[in-house]
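Participant: Produce the complete structure using the sequences and hints provided.
Here are the chains, one letter per residue:
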Amino acid sequence: MSFLSEQIDTSAVLQVHNLRKSFFGVEVLRGVSFSLRPGRSLGLIGENGSAKTTAANIVNGLLKPSEGTMLIDRQTYAPNGPGDAMAAGIGFIHQELNLFENLTVAENVSLRAFPKTVGWLPQINKRRMKERARELLAEVGLEIDVDTPLSRLAQGERQLVEIAKALSVDTKIIIFDEPTTSLTAREATRLFDLIERLKKRGIATIYISHILTDVLRLCDEVVILRDGAMVENVSTDGLTVSHMIESMLGRPLADLFPERSPRTGVAAPLLEVRGLSQPGIVANLNFAVGVGEIVGIAGLMGSGRSEMARILFGLDPAVGGEVAVDGSVVGERSPRACMAASMALLTEDRRGDGLMMPATILANLTLAKAADVVPSSFSVVPEKRLEEDAREIATALRIKAHDLDRQPVRSLSGGNQQKVVLGKWLLRAPKVLILDEPTRGIDVGAKAEIYAQIQTLARNGAAVLVIASEFEELFGICDRILAMAHGEIVAEFSGPVFDREAVIAAAMQTQAEAS
Amino acid sequence: MLRLLRRVFSSEYVVLLLTAIYVLGMWPIVPQIVSIGTLIDVLIAMMPLLVLAIGQTFVVLIAGIDLSITSTAAIGSVVAASLMTGDGGLFAGSAFAMPVAIATFLVVGVCVGTLNGFCVARLGMPPFIVTLVSQMFLSGLAVWFTSTVSTSVSIGNLPLAFTVIGRGGVAGVPYAFLLCAAVALGAYWVLRFTLLGKWLYAVGTNPQAARVSGVPVSRVVWLAFILSSFCASIAAIIYTGRLETGTPILGQRVFLDVIGAVVIGGVSLFGGKGKISWVIFGVLFLSVVDKGLQLLGVSLFAVFAVKGGVILVAAVLDALRNRLLVGSAR
Chain S
91 MSFLSEQIDT
101 SAVLQVHNLR
111 KSFFGVEVLR
121 GVSFSLRPGR
131 SLGLIGENGS
141 AKTTAANIVN
151 GLLKPSEGTM
161 LIDRQTYAPN
171 GPGDAMAAGI
181 GFIHQELNLF
191 ENLTVAENVS
201 LRAFPKTVGW
211 LPQINKRRMK
221 ERARELLAEV
231 GLEIDVDTPL
241 SRLAQGERQL
251 VEIAKALSVD
261 TKIIIFDEPT
271 TSLTAREATR
281 LFDLIERLKK
291 RGIATIYISH
301 ILTDVLRLCD
311 EVVILRDGAM
321 VENVSTDGLT
331 VSHMIESMLG
341 RPLADLFPER
351 SPRTGVAAPL
361 LEVRGLSQPG
371 IVANLNFAVG
381 VGEIVGIAGL
391 MGSGRSEMAR
401 ILFGLDPAVG
411 GEVAVDGSVV
421 GERSPRACMA
431 ASMALLTEDR
441 RGDGLMMPAT
451 ILANLTLAKA
461 ADVVPSSFSV
471 VPEKRLEEDA
481 REIATALRIK
491 AHDLDRQPVR
501 SLSGGNQQKV
511 VLGKWLLRAP
521 KVLILDEPTR
531 GIDVGAKAEI
541 YAQIQTLARN
551 GAAVLVIASE
561 FEELFGICDR
571 ILAMAHGEIV
581 AEFSGPVFDR
591 EAVIAAAMQT
601 QAEAS
Chain P
1393 MLRLLRRVFS
1403 SEYVVLLLTA
1413 IYVLGMWPIV
1423 PQIVSIGTLI
1433 DVLIAMMPLL
1443 VLAIGQTFVV
1453 LIAGIDLSIT
1463 STAAIGSVVA
1473 ASLMTGDGGL
1483 FAGSAFAMPV
1493 AIATFLVVGV
1503 CVGTLNGFCV
1513 ARLGMPPFIV
1523 TLVSQMFLSG
1533 LAVWFTSTVS
1543 TSVSIGNLPL
1553 AFTVIGRGGV
1563 AGVPYAFLLC
1573 AAVALGAYWV
1583 LRFTLLGKWL
1593 YAVGTNPQAA
1603 RVSGVPVSRV
1613 VWLAFILSSF
1623 CASIAAIIYT
1633 GRLETGTPIL
1643 GQRVFLDVIG
1653 AVVIGGVSLF
1663 GGKGKISWVI
1673 FGVLFLSVVD
1683 KGLQLLGVSL
1693 FAVFAVKGGV
1703 ILVAAVLDAL
1713 RNRLLVGSAR
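Order-wise, the sequence lines are chains S and P.
Residues 91 to 605 in the numbering used here are what the first sequence spells out, letter by letter.
Residues 1393 to 1722 in the numbering used here are what the second sequence spells out, letter by letter.
If you are wondering where the hints come from, they were derived from the structure by calculation, not from laboratory data.
Just so you know, not all the hints are guaranteed correct.
When the alpha-carbon atoms are kept at most 30 Å apart in a straight line, the in silico DSBU-like pairs for lysine-lysine are as follows [as the list claims (entries may be wrong)]:
(1) Lys474/S to Lys1665/P
(2) Lys1699/P to Lys490/S
(3) Lys1667/P to Lys474/S
Not close to chain P: a few residues of chain S, all C-beta gaps over 12 Å, as computed [stated by the list, open to error]:
(4) Asp99
(5) Ser101
(6) Gln165
(7) Ala177
(8) Ile234
(9) Gln245
(10) Leu273
(11) His333
(12) Ala358
(13) Gly421
(14) Asp443
(15) Ser466
(16) Glu473
Just so we're clear, the structure is a prediction, and the values are computed from it rather than from any experiment.
The beta carbon of each residue, even a glycine, is placed where N, CA and C say it ideally should be.
Facilitator: In structure tokens:
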């Protein structure tokens, strides 16, 4: 199929027509068409597994479409790889950045085209390289010495470096894939300002995100995918978040957050943290989480919130202080000792330290529980009983998989992967559950289910500590919120109704003062 | 057709199939490849190799490697032989000579494994360097030790009670075979049914996730190295019994066969993937190839070249097989 001449949008920098993609006879992308004009921004939204990334990867040349055509500046565009995409002026900012920690900022920025001293010799002109890097960093608004090693940069700064790198060649279109997942609120704001500036310069952007309010704010048009099919391609004027959700899910979403009954009285403390300190990371943390209570930690990235979670679970050391569960102090600071005290930690990085990606769903679900049911490492694990329990949990959590026994976790969508991590801990029926970013990178449907699970756990008497970058989540599910900044707890708020501005101000205050 | 090919290549038994194809291909050229005599020869050649390969599997499963197995076997061989040799051994002529020697083999093995494991698990050194150093150190030590207790390059005159392990058997089944079967069954049991087995796979797949899930990662790594050296010392018992001498160059040539067999069997060098049955198939295949070439009467150098080629093909097939599996999983 090709373009009829009257279908060509002469003002578009990128025009995509009826893009389809099949893997082994299964059509995952079913006819996506849009056109993107210079200086405009297109949002690409849909649930996990709705083929957003597939569509983006086709545009970026990583995948070849089974059907459909693409035009860049009215010329046929059929890339054979990301190299062609780059040559055609497409920059792709991936969720996981493609930067080298061992190189300096200037080197990273110049990776695509190092300036040479003599044209045909491989010697790099360092002076010119640094000058150019300085210009590019100024363009993206990053004030930093170009000789700084990348490893010293925060996540948000690295992303700006990545964008500067995309700008180092003649780029017309930049694709952002979930750019804000690892950014703090302040870094995200800075990114949005930059995208606005890029738009003014005539650069077109494709913005893929689960955070619909951001899409609404940034984009001019939005393409909504459901199960690989394009259900809507509309202007964002007058569009609402609830309409977008309905369109993505194909049904209205019942309340995202579960209903809450107001808590009465003060619960007996289940998790108690006293004077926990580690120089440079956390300082003198004192708090308690009661039976059946959900406590949120509101803090920016770098506030010590994730570090605190790791210290609480014995993964990282602490020089002072103690942690007690149900009145008894956890003696040894190790994950095993914490698990013995009935604690559980859902880490922020589920690929890195939450799951064994190539292993089966059942192997992942039973890993933590296995040690509880046998006395020593050489004992036989009662696999059958364990797997029965795991299947029960999988059903309760509604993990969508066709074969728990054979299917690797890698093949699941983000939301289902997160349910596996949660299931691993639920199997042990923990008294204290620490959740670090439990809904990162997962779609709204799965989010609602995870909130509901957290709620159920608390109702059954667990103490839950939730860390989330999206403060809305905390407002929606927590009984109490502790604001954290610079490794300290700076304020405490009681629910169920929170003063949003006050919480956000508290979480940002000391950090703002310090910088 | 393509689907059939894909199913064959993604099957666990592809190595077994290749062995059969090889034998059938050789049959017209060297008819004696299909005979009881050959079968027995192959089984005999397989036994110590299989024990070493099983030991190596534990370490490869956690994404490590143990380069020191042959010199672990060698140092065990000379120390145990020096105790029981009729030429001035401490237990010469004693009825305890045999049991003491066996215990010595195993203790030496466990000590080496403990040391390797300590360096890797507690000091965080890379397994490659740790075991390379022990390989060099122990092989040197074995030669030096032999020179202090014997005037020859090896220690002979071992008691009959010990050498019978290499030759004798019960009801026609060689002791070596029984020992080997016991190791294979034990290893199968550990990997398939025990908590340690589950942990070994977990550590090999993702050590971070394993740690967060309460797996004592460093203890598991440590145990893997101990198991590897333990298996090396059992192989040393079989080799020493067969040779009827303790020698510091025991099994020097088999190291690459061990790694080759493990890889051919399909145990992933990246960790987390592998089974004892696969290792048995890998060892069988390599031993059959070896025997076939011997029957052809080609020179030793050619045998090495062919084996290298076969291991390469196996590695390529394995990569191909993985790609097919990944493809069909989508």
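Participant: Indicate, hint by hint, whether the structure satisfies it.
Facilitator: Against the structure, the hints come out as follows:
1. Lys474/S to Lys1665/P: Distance ~21 Å between Lys474/S and Lys1665/P Cα, so the pair holds.
2. Lys1699/P to Lys490/S: The given pair, whose Cα atoms are some 46 Å apart, is violated under the 30 Å limit.
3. Lys1667/P to Lys474/S: holds (20 Å)
4. Asp99: Holds: least Cβ distance 34 Å, greater than 12 Å.
5. Ser101: Its Cβ never comes within 12 Å of chain P, the nearest being 38 Å, so this holds.
6. Gln165: holds (32 Å)
7. Ala177: holds (28 Å)
8. Ile234: Holds, because the least Cβ-Cβ distance between Ile234/S and chain P comes to about 30 Å, which exceeds 12 Å.
9. Gln245: holds (19 Å)
10. Leu273: holds (23 Å)
11. His333: The claim holds: His333/S sits with its nearest Cβ about 32 Å from chain P, beyond 12 Å.
12. Ala358: holds (26 Å)
13. Gly421: holds (16 Å)
14. Asp443: Asp443/S is in fact no farther than 12 Å from some Cβ atom of chain P, at 4 Å.
15. Ser466: Violated, since 7 Å does not exceed 12 Å.
16. Glu473: Not fine: 7 Å to the nearest Cβ puts Glu473/S too close to chain P.
In summary, the numbered hints that this structure violates are 2, 14, 15, 16.
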